[in-house]
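S.K.: Sequence:
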Amino acid sequence: MSDFRQRVYELTRQIPEGKVATYGQLAKLAGRVKAARAVGVFMRTNPDAPHTPCHRVVSFNGKLTGYSGRGGILQKREMLISEGVKFLGDRVNLQESLWVTQQQ
DNA sequence: AAAATGACGGTGT
DNA sequence: TACACCGCCATTT
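Going left to right, the first sequence walks through residues 0 to 103 as numbering that gives the first Met the number 0 numbers them.
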């Protein structure tokens, strides 16, 4: 596994409960601002699902674009809600629940 | 080595 | 709000 991919997973594990990160945000923190698309692939082929909270990753506008788990996007939304993430209709309230770090 | 593939991000209409 | 495109990138064929 490449270093970049490794970093993305480490970052994902740092997302606190009740917060979410965007694909582009993880790409940036991992050192590749424009690799958001690739990050999506990393989440999809997430090797250790329980250990790495890939459900806390959504697209830049707060929409849930996918989830390879059993219940798909629906389950993903419920997981987030049960963790305290706030929603505005079918999208996440990023203003309230976006994960903010010192770096960026 | 070249082409195809997405859980993206952004712009235009 | 909803599409259609386009540029990007790591991986896989």
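Any given hint could be a false lead.
What follows is a set of in silico ranges between Cβ atoms, one per label pair, in the way DEER data are often shown [what the hints assert, rightly or not]:
1) Q94 / S1: 15 to 25 Å
2) D47 / I72: 27 to 37 Å
3) L87 / M0: 20 to 30 Å
4) A48 / F3: 33 to 43 Å
5) K85 / S1: 14 to 24 Å
6) G17 / G68: 15 to 25 Å
7) M78 / T44: 13 to 23 Å
8) D2 / L73: 14 to 24 Å
9) T64 / V32: 29 to 39 Å
10) F86 / S1: 30 to 40 Å
Straight-line distance between alpha carbons at most 35 Å, and here's what the computed DSBU-like set of lysine-lysine pairs gives [as the list claims (entries may be wrong)]:
11) K62 / K27
12) K33 / K62
13) K62 / K18
14) K18 / K85
15) K85 / K62
Rather than coming from a laboratory, the hints here were simulated on the basis of the structure.
Just so we're clear, the structure is a prediction, and the values are computed from it rather than from any experiment.
Every residue gets a Cβ at the ideal spot worked out from N, C-alpha and C, and that includes glycine.
S.K.: Work down the list of hints and note, for each, if the structure agrees.
M.R.: Here's how the hints hold up against the structure:
1. Between Q94 and S1 the C-beta distance comes to about 33 Å, which lies outside the given range of 15 to 25 Å.
2. Evaluation of the 27 to 37 Å hint for D47 and I72 yields a failure: the beta carbon distance comes to about 21 Å.
3. Between L87 and M0 the Cβ separation comes to about 36 Å, which falls outside the hinted range of 20 to 30 Å.
4. Checked against the given bound of 33 to 43 Å, the beta carbons of A48 and F3, roughly 20 Å apart, lie outside it.
5. A beta carbon spacing of about 34 Å between K85 and S1 contradicts the range 14 to 24 Å that was offered as a hint.
6. With their beta carbons about 19 Å apart, G17 and G68 fall inside the hinted range of 15 to 25 Å.
7. Checked against the hint of 13 to 23 Å, the pair M78 and T44 passes, with Cβ atoms roughly 19 Å apart.
8. Between D2 and L73, the C-beta spacing of about 34 Å breaks the proposed range 14 to 24 Å.
9. Remark: the range hint 29 to 39 Å for T64 to V32 is contradicted by a beta-carbon distance near 19 Å.
10. Against the hinted window of 30 to 40 Å, the Cβ-Cβ separation of F86 and S1 comes to about 34 Å, which satisfies the hint.
11. The straight-line distance between the Cα atoms of K62 and K27 is roughly 19 Å, inside the 35 Å bound, and the hint therefore holds.
12. A distance of roughly 19 Å separates the Cα atoms of K33 and K62; the hinted pair therefore holds under the 35 Å criterion.
13. Distance hint between K62 and K18 is fulfilled; the C-alpha atoms sit about 14 Å from each other, no more than 35 Å.
14. Between K18 and K85 the alpha-carbon distance is near 9 Å, which keeps this suggested pair within the 35 Å criterion.
15. Our distance criterion of 35 Å between C-alpha atoms is met by K85 and K62, whose separation comes to about 12 Å.
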